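The residues making up each chain are set out below.
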Amino acid sequence: MSILEVQNVRKNFGSTAVLNDISFSLNEGETIAIIGSSGSGKTTLLRCLNFLEKPSGGKILVDGNVIFDAANRAARQEKEIRRQRLNFGMVFQSFNLFPQYTALQNVTLAAELLAQERPDFKQKKKELLAEITERGKKLLADVGLQDRMMQYPHQLSGGQQQRVAIARALSLSPRILCFDEPTSALDPELTGEVLRVIRGLAEKKTTMIIVTHEMAFARDVADLVLFMDAGVVVEEGPAKDTIERPKTERLRQFLSRYAEGEA
Amino acid sequence: MFWRVTFELLRGLGSCAELFALTLAFALPLGLVIAFGLMSKWRPFRNLRTPWLRKWRPISWLTNIIVWIVRGTPLMLQLIIIFYGPGIWFGNNLWAFSSGRMSACVLAFVINYACYFSVIYRGGIEGVPQGQREAGEVLGMTKGQIFRKITLLQMVKRIVPPMSNEIITLVKDTSLARIIAITELIKAGESFMKSSGITWPLFYTAVFYLLFVGVLTILFNSLEKKLSYFR
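Protein chains in written order, with this note's numbering: chain A, 1 to 263; chain B, 1001 to 1231.
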């Protein structure tokens, strides 16, 4: 059974349709890359999955359970959304680390706040917090930042900041990890370290959705690729096949512009 | 004479400091409440047909009008209305108790300054990038947690310079209290001009203001320095 199912999702901003009838599904442990030119709706799709935008229509299912249904208003309650969004982790293009907290605090903050809601928090406060700190340290070590844990975001390079953001997104063990152009705000020499971390996650069979402009990366790391244009899915399929032998003229054009850029 | 003047001016300074401290104690939190009012997005009629009613945000609208009135009229006028108004219009002097004058004064100052503060708060909150709130949201934080744990400190860092301006202005605005016969610094200094025909106590009051503002400046600078650990 697929871990994520997106059914006929639509999104309008005023009278402009940004997403039009988007459907796809994703199996546990798979990585899907969403490609397409700017303004094609990739980021909006990701934001809909994370409830940063409310879809105007359609359904989203995780593990076969409807977590969002535009037709059912009750499911849109704030409390419900808060619970459902923990299914997803999100890594932003602009990192969005909290500047007043150290790398480690950035990773542990959400888990600490969540632990405070547990009925047994008062009795087990020390153990719970120690556990969260340990886990935060491990997550940062996993992205290669064991000796940067006490530094503040402005003391870190862009690549390091984005790796902290990845550790933070993993801190609540989301079912599905989303990346919104994770390397677009980085200098070219810093993209490698971030892509390596994402590649490592793919090898560990983390379920991921990656909006990216890195075609070679999408081809090599993703299992599936989804090509969007003007708010619709134009082509989708296995990543390597689809990128090497596109079936539609539009994807061919899109990819050839990339090839020119890289040559 | 010097010591008598100093003693009287210190008493005047006491009134100023009392008014200053009480105004801050109430206006700082009230300003935040008003700021939330200004930013309220509540649209109770969003499902109706009429376009302007759909867009109407009554809380934001009402607080904007209050802020407009309070910032648009002189504090001196507000002070006079609050102190004399109840007696004139309702035949009932609310302020006829021992510290009534100071209370009326504090009320007027709190309303006035809270409105100025609210606009500064709003600027500070809106200046925090949207991405910060979104990062909190996707981590499952509630709106309250996002405000307290993420937005608040970043807002404070942003508003220290404009707040320091406003608070320094408050020190000098305390001199308006004399309009309802509170002996603040300037009135205390001026009284010697009338009673003994000397003018230097009036200039001497400037030293008190300068010292007061000097201490505040040092405090603001150290707060700014304390918050410089992040960007």
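Bear in mind the hints are in silico, worked out from the structure with no lab data behind them. In this text, all values refer to a predicted model and were calculated from it rather than measured experimentally. We put the beta carbon where it would ideally sit given N, CA and C, even for glycine. Be aware that a few hints might be false.
What follows is a list of derived Cβ distance ranges for each label pair [what the hints assert, rightly or not]:
no.: 1; chain 1: A; residue 1: S56; chain 2: B; residue 2: Y1084; range: 51 to 61 Å
no.: 2; chain 1: B; residue 1: K1225; chain 2: A; residue 2: N12; range: 43 to 53 Å
no.: 3; chain 1: B; residue 1: A1021; chain 2: A; residue 2: E131; range: 39 to 49 Å
no.: 4; chain 1: A; residue 1: N12; chain 2: B; residue 2: P1162; range: 35 to 45 Å
Now the hints, each set against the structure:
At roughly 57 Å, the beta-carbon separation of S56/A and Y1084/B lies within the given 51 to 61 Å, and the hint holds. Distance hint check for K1225/B and N12/A: the Cβ-Cβ separation is about 49 Å, which falls inside the suggested range of 43 to 53 Å. Between A1021/B and E131/A the C-beta distance comes to about 44 Å, which sits within the given range of 39 to 49 Å. Hint check: N12/A to P1162/B, Cβ distance near 39 Å, so the stated range 35 to 45 Å holds.
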